[in-house]
Amino acid sequence: DVKVTQSSRYLVKRTGEKVFLECVQDMDHENMFWYRQDPGLGLRLIYFSYDVKMKEKGDIPEGYSVSREKKERFSLILESASTNQTSMYLCASKGGNTEAFFGQGTRLTVV
Amino acid sequence: KNQVEQSPQSLIILEGKNCTLQCNYTVSPFSNLRWYKQDTGRGPVSLTIMTFSENTKSNGRYTATLDADTKQSSLHITASQLSDSASYICVVTQGYEAGNNRKLIWGLGTSLAVNP
Chain A
852 DVKVTQSSRY LVKRTGEKVF LECVQDMDHE NMFWYRQDPG LGLRLIYFSY DVKMKEKGDI
912 PEGYSVSREK KERFSLILES ASTNQTSMYL CASKGGNTEA FFGQGTRLTV V
Chain B
18 KNQVEQSPQS LIILEGKNCT LQCNYTVSPF SNLRWYKQDT GRGPVSLTIM TFSENTKSNG
78 RYTATLDADT KQSSLHITAS QLSDSASYIC VVTQGYEAGN NRKLIWGLGT SLAVNP
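Residue numbers (our numbering), protein chains in the order written: chain A, 852 to 962; chain B, 18 to 133.
The hints are simulated quantities; they were obtained by calculation from the structure and are not laboratory data.
As the structure is a computational prediction, the values presented were derived from the model and not from experiment.
Mixed in with the good hints, there may be bad ones.
Straight-line C-alpha distance at most 27 Å; calculated DSS-like pairs for lysine-lysine [unchecked claim]:
hint : chain 1 : residue 1 : chain 2 : residue 2
1    : A       : Lys854    : A       : Lys904
2    : A       : Lys904    : A       : Lys921
3    : A       : Lys906    : B       : Lys120
4    : A       : Lys854    : B       : Lys74
5    : A       : Lys869    : A       : Lys922
6    : A       : Lys921    : B       : Lys120
7    : B       : Lys120    : A       : Lys922
8    : B       : Lys74     : B       : Lys88
9    : A       : Lys906    : A       : Lys921
10   : A       : Lys906    : A       : Lys869
11   : B       : Lys18     : A       : Lys908
12   : A       : Lys854    : A       : Lys908
13   : A       : Lys922    : A       : Lys904
14   : B       : Lys88     : B       : Lys18
15   : A       : Lys864    : A       : Lys906
16   : B       : Lys120    : A       : Lys904
17   : B       : Lys120    : A       : Lys908
18   : A       : Lys904    : A       : Lys869
19   : A       : Lys854    : B       : Lys120
20   : B       : Lys18     : A       : Lys906
In isolation and in its complexed conformation, chain B is listed as follows (with noise of 0.2 Å):
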């Protein structure tokens, strides 16, 4: 079954220190992986873009991991500020690069709180 999963469900942590959010999936044909940032009652914003070749992926303090071996993605955001607190969905596209990719496999996203 294709199933994308994340942990924790939810964390909190003080402004100013680092943490890593987790992404395991069971997706083939794999053809991407995403990360995704939702503020509250607003739609994801895209953070991240990696593809089976690609194993990291910086966005300012935001750096993605991707294990293809593994099946396995990490999100760590450094330094944290107060306007990070939102939900991050890991969404891996299911289908080939060249082909029709359209099947977007959702996890339920990680919610974060920052705490001054």
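This is chain A alone, in the form it adopts within the complex (with noise of 0.2 Å):
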């Protein structure tokens, strides 16, 4: 079975901290992508990697930066979080042409 594993379910952070969220999945996967889920909004994109060291923008990067240095890793950094980035954030990982699989999601607070 493909797994996708993100670091923590939870996390609290305070504004202005420089927040990491971690994903590693286990099937040699070129694509990886990171995903925010608000209510009522739905997933939104906010950056994906179709290789190592490669990334690119989704709908929403703004705040947002990614790091992609070994292929079963794909990491999302907030350089100094914000309160309107508290959500649930989703990775999913993706062969050439096989389903998105995903994570259980980091739900992240900001205080």
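Hints given; two lone chains; assemble the complex.
Here it is in structure tokens:
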């Protein structure tokens, strides 16, 4: 079974902190994604990566950056967390023509 | 504009009953359509995937249909169980099968509650 693991289920951070969300997949997938999910807005794509060291902006990249130094790991970085970044963050990985497999999600609260 | 619209927004049914969820899309070019189930506080899990040439696909008590002409899909749940309580999300992949099909267009989901 494909496994996508996010480092934390729940996080509470203070405004202005630098936050790292980590995601690891074990299926050698080329593509990895970071989404946030908010009530009434559905899943929105923040960033994605189709190869090591490659990244592309999604629909809402402002306030975020990403890092993909190894194929299996895709990190989302909040340079200076703000309260409007309180959300559920979902990581996904996808092979060439397979479905996307999701991690269990990280619920981030910024206070 | 590429959009995926789902209805109803929420639904409450009694255990054992059937229900049908709807998905209409305006995504071009169309690659495939997936239905995901998302339990509260968890990541989405794929139920079915259909390409342009498929018009029905089953996964246990879940049956998805696709009408590529009218750009509509439905997800039918038979003999519902309490564990079916979740959000069901329709996702359409924009792009060509042989090409870069990374763009996923997400619906907002239908929240289903199955009551005893």
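Honestly, which of those hints from before does the structure not fit?
none
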